[in-house]
Amino acid sequence: MNEMRTTGAPGRREVAAPASTSLEARRRALKARRLRRGWAALGLVVPAAFFYVIFVLRPLVLTVQYSFYDWNGVGASTFVGAENYTRLVEKPELLGSIVNALELIIYFSFVPVILGLLTAATIRKFAASRLALVSRTVLFLPQVIPLVAAGIMWTWLLATDGLVNELMRLVGLGSITRAWLGDTSTALGAVGVIGAWVALGLCLLLLLSGMTKIDPALYEAARIDGAGAVREFFAITLPSVRQEIGVCVTVTVIAALAAFDIVYISTQGGPANSTLVPGLEIYYLGFFSREVGQASALAVVFMVLVLAVVLPIQRLTKEED
Amino acid sequence: MSRTTGRSRNAAAATSLFLAGILALTACSAPGASTTDEPTADGDGAATASGDWTCGTDDVTLDAYLETGFPLSNALFEEFEKQYPNVSFDVREDQFAVITQNAPRVLADNPPDLMRLPQMSDLVDDGLLYNLDEAAAHFGWDEWPASQLAQMRVDDEGRRGDGPLYAMGKNYSMTGVFYNTELAAQIGMTEAPKTLAELDEWMQKAKDAGITPSTQFNGGATGGLAFPLQLLMASYGDVDAINDWTFQQPGARIDTESNIKAAEHLKKWIDAGYFADDINSLDYSQMMGRFIDGKSLFIFNGDWESGNLDTQMAGKAGFFLMPPLEEGGKVGAMSAPLTFGISSKAANPQCAAFFFDWIATNDEARTLAVEVGGSHPMGPADAFMPEVDPESVTGQTLAAGATIADDNGAMEFIANATGAIYAKSWTPNLQKLVAGDQTAEGLLQAVQADYESEING
Numbered sequence: 001m002n003e004m005r006t007t008g009a010p011g012r013r014e015v016a017a018p019a020s021t022s023l024e025a026r027r028r029a030l031k032a033r034r035l036r037r038g039w040a041a042l043g044l045v046v047p048a049a050f051f052y053v054i055f056v057l058r059p060l061v062l063t064v065q066y067s068f069y070d071w072n073g074v075g076a077s078t079f080v081g082a083e084n085y086t087r088l089v090e091k092p093e094l095l096g097s098i099v100n101a102l103e104l105i106i107y108f109s110f111v112p113v114i115l116g117l118l119t120a121a122t123i124r125k126f127a128a129s130r131l132a133l134v135s136r137t138v139l140f141l142p143q144v145i146p147l148v149a150a151g152i153m154w155t156w157l158l159a160t161d162g163l164v165n166e167l168m169r170l171v172g173l174g175s176i177t178r179a180w181l182g183d184t185s186t187a188l189g190a191v192g193v194i195g196a197w198v199a200l201g202l203c204l205l206l207l208l209s210g211m212t213k214i215d216p217a218l219y220e221a222a223r224i225d226g227a228g229a230v231r232e233f234f235a236i237t238l239p240s241v242r243q244e245i246g247v248c249v250t251v252t253v254i255a256a257l258a259a260f261d262i263v264y265i266s267t268q269g270g271p272a273n274s275t276l277v278p279g280l281e282i283y284y285l286g287f288f289s290r291e292v293g294q295a296s297a298l299a300v301v302f303m304v305l306v307l308a309v310v311l312p313i314q315r316l317t318k319e320e321d
Numbered sequence: 322m323s324r325t326t327g328r329s330r331n332a333a334a335a336t337s338l339f340l341a342g343i344l345a346l347t348a349c350s351a352p353g354a355s356t357t358d359e360p361t362a363d364g365d366g367a368a369t370a371s372g373d374w375t376c377g378t379d380d381v382t383l384d385a386y387l388e389t390g391f392p393l394s395n396a397l398f399e400e401f402e403k404q405y406p407n408v409s410f411d412v413r414e415d416q417f418a419v420i421t422q423n424a425p426r427v428l429a430d431n432p433p434d435l436m437r438l439p440q441m442s443d444l445v446d447d448g449l450l451y452n453l454d455e456a457a458a459h460f461g462w463d464e465w466p467a468s469q470l471a472q473m474r475v476d477d478e479g480r481r482g483d484g485p486l487y488a489m490g491k492n493y494s495m496t497g498v499f500y501n502t503e504l505a506a507q508i509g510m511t512e513a514p515k516t517l518a519e520l521d522e523w524m525q526k527a528k529d530a531g532i533t534p535s536t537q538f539n540g541g542a543t544g545g546l547a548f549p550l551q552l553l554m555a556s557y558g559d560v561d562a563i564n565d566w567t568f569q570q571p572g573a574r575i576d577t578e579s580n581i582k583a584a585e586h587l588k589k590w591i592d593a594g595y596f597a598d599d600i601n602s603l604d605y606s607q608m609m610g611r612f613i614d615g616k617s618l619f620i621f622n623g624d625w626e627s628g629n630l631d632t633q634m635a636g637k638a639g640f641f642l643m644p645p646l647e648e649g650g651k652v653g654a655m656s657a658p659l660t661f662g663i664s665s666k667a668a669n670p671q672c673a674a675f676f677f678d679w680i681a682t683n684d685e686a687r688t689l690a691v692e693v694g695g696s697h698p699m700g701p702a703d704a705f706m707p708e709v710d711p712e713s714v715t716g717q718t719l720a721a722g723a724t725i726a727d728d729n730g731a732m733e734f735i736a737n738a739t740g741a742i743y744a745k746s747w748t749p750n751l752q753k754l755v756a757g758d759q760t761a762e763g764l765l766q767a768v769q770a771d772y773e774s775e776i777n778g
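Chains as they are written, first to last, in this note's numbering: chain P, 1 to 321; chain L, 322 to 778.
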């Protein structure tokens, strides 16, 4: 990885410029060029910056601002200070929704990363064959399907008379069939399965691309030293894709914590709040209870929580870099 | 990595300043403060009433914002355009959930002349709805049976049932129990049960015969067990007390003795296995699909499906009101107008009001309300009614409507007490009741607590 790092030294060409007759003229030329470059750079940045400010920074700042007001989204608002934040603590269902989000991390993040590692390590061995191409495509397909469509499809699969239960009946597991999304004890897990199915493709592709960069000589050396497939995996493959794992975990953990679409389509937070997640709670507060201030306060707290979870992961995977 | 020069530091500072400036511009005033030019609640903003409650003779386009899946409105628009060629309708449709979420912003920003309304007390509170009192006086709506309009009146405190009129119905619906006559015949049920005990018996017989007594929907954010629950409440107690609660009258409670008995009765049905195992994952359309496919003996639903069932289950479906505790006792049902309102900023409020009156008084419109909408039209008690086959589901629901009117048994749906009470309180608690995580009494106490925090919060 290290040799791939860009030099990132934009000033070098100026330094190497042919010497001018007088020092003063050279300095002036340099100045003019820098200025031109500066304007060009600014011209390139401004359009993107404009949209970034309008669609990312502005909503962010407004959300923080709204969180200090009692506002129904339409009428006049009143400044209430930190009241919206103190009221968050008093809502027990809110704590439940955060616990649900943390539990979703297992399904949305751990499962696809571990499965992705195992599949990628397997596929790597026959990477050049057509089979590898087919399995890669098949496993990545869920990533291409819109989450809403995935949610609808899985609600059919997981229904009482859906394919999942039919298959279970076929193999003699009829006694444990149920409406997976309609049972308070299995609904969150069922939602998690949908998320894992979606995230697996992304993790697989990232990890596979990481593994193709590993020097084959390492494996050869390991084999000469008598290492088996398992030892190879833990000694070479795993440490080499450390950064890819970091990206996978970060992206999927954020997806788990910010889950909305899959949950909204498959259960809408039910049954009995068993799949309620903060994203959905914010939406209900803002659009059903019409408490925009309260919803914003929750959004701000939740953003901090996501950062608190994601930043340590970032540090962990970069440590030995 | 790259060396930061003094100049680029300056540029960075300038950019930050630029961004900060934009942010400051966008976010310095209090939210909602710019909408201080709100029209007053009685609508004397841009659209001042000039006393001419017609659509005139000039070309008029009425903006309409409707709920998808209900063909009645478009049928009425077509007929109205035929009778008044200068009027045309610009229609936008959304699902009811979307309308619920966006109602305040749509009414404020793209004011429609006609809009399907969700729970309306908040909307009135924000001055978003056109006050129809003047129209009511002009057209004589005040002389109709008062109960037809009561649910659309909102007072200064945001309580419904009394005060100025802020909406009008296209027709008014009737709820009760639909049953599959073929399945009923299989278990020997040839006529509608006359008491609640008889209904219990038929449910048990159906279960014994391997027929699912009911596939009532109760999944997602729509706890459909609220239908049988409220119907049971009317069998056990007094509908006025239930309405007081729904209309947010001071001191009204939902966890009364008779309501607890009703919830216990529902719990008894759940425990006896009268509902399908998977009702906590069933949505409304799945329930309808199963009922039409003959997989459910009963469903608790409203007459907006009458026309649909007459087509899809011709001769195979029947309707009865939730039976009373004792034979001949009082009956009740949720009966609500299909509510439409006019934005207080609408361009053509008078033409829209004229359209409302036309729906209730024109013979063709009333025929459409019954034949397409399946429900009873609004209007005077002695107004024209189209001929309907009394054996059809539509005929049976209309007859039931007359019974409810005689018994004064009409109720507004308990799910409409506040904006979020259905999705955030009734639904999760009813789902817990099914899952065995909530008691009958606990259900009502939990809803009462949420209700109070919503109203006071």
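Worth flagging that the hints you see were computed from the coordinates, not collected in a lab.
Just so it is clear, CB atoms sit at the ideal spot from N, CA and C, and this is done for glycine as well.
Be aware that one or more of the hints could be misleading.
To be verified - Which chain L residues stay away from chain P? Per the calculated CB distances, all over 12 Å, these:
1) Thr389
2) Phe398
3) Asn423
4) Thr502
5) Asp599
6) Thr739
7) Gly757
Claimed, not checked - With the C-beta cut set under 7 Å, the calculated list includes, among others, these residues of chain P facing chain L:
8) Ala29
9) Val74
10) Gly75
No chain P beta carbon within 12 Å of Asp599(L)'s
violated (3 Å)
May I ask you to check that Thr502(L) keeps its beta-carbon over 12 Å from the closest beta-carbon of chain P?
Holds, because the least Cβ-Cβ distance between Thr502(L) and chain P comes to about 25 Å, which exceeds 12 Å.
Val74(P) as chain L interface residue, shortest Cβ-Cβ below 7 Å:
holds (4 Å)
Is the nearest CB of chain P more than 12 Å from the CB of Thr389(L)?
Holds, because the least Cβ-Cβ distance between Thr389(L) and chain P comes to about 17 Å, which exceeds 12 Å.
Does the CB of Ala29(P) sit less than 7 Å away from some CB of chain L?
Hint on Ala29(P): violated, closest Cβ of chain L at ~15 Å, above 7 Å.
Distal placement of Asn423(L) relative to chain P, Cβ over 12 Å
Check fails; 8 Å does not lie beyond 12 Å.
Confirm or reject the statement that Phe398(L) sits farther than 12 Å, beta carbon to beta carbon, from all of chain P.
holds (28 Å)
Say whether it holds or is violated: Thr739(L) keeps its Cβ farther than 12 Å from all Cβ of chain P.
Violated, since 8 Å does not exceed 12 Å.
Closest C-beta approach of Gly75(P) to chain L relative to 7 Å, hint status
holds (5 Å)
Was Gly757(L) rightly flagged as not at the interface, with every chain P Cβ beyond 12 Å?
violated (9 Å)
Hints 3, 5, 6, 7 and 8 from the earlier list are contradicted by this structure; the remaining hints agree with it.
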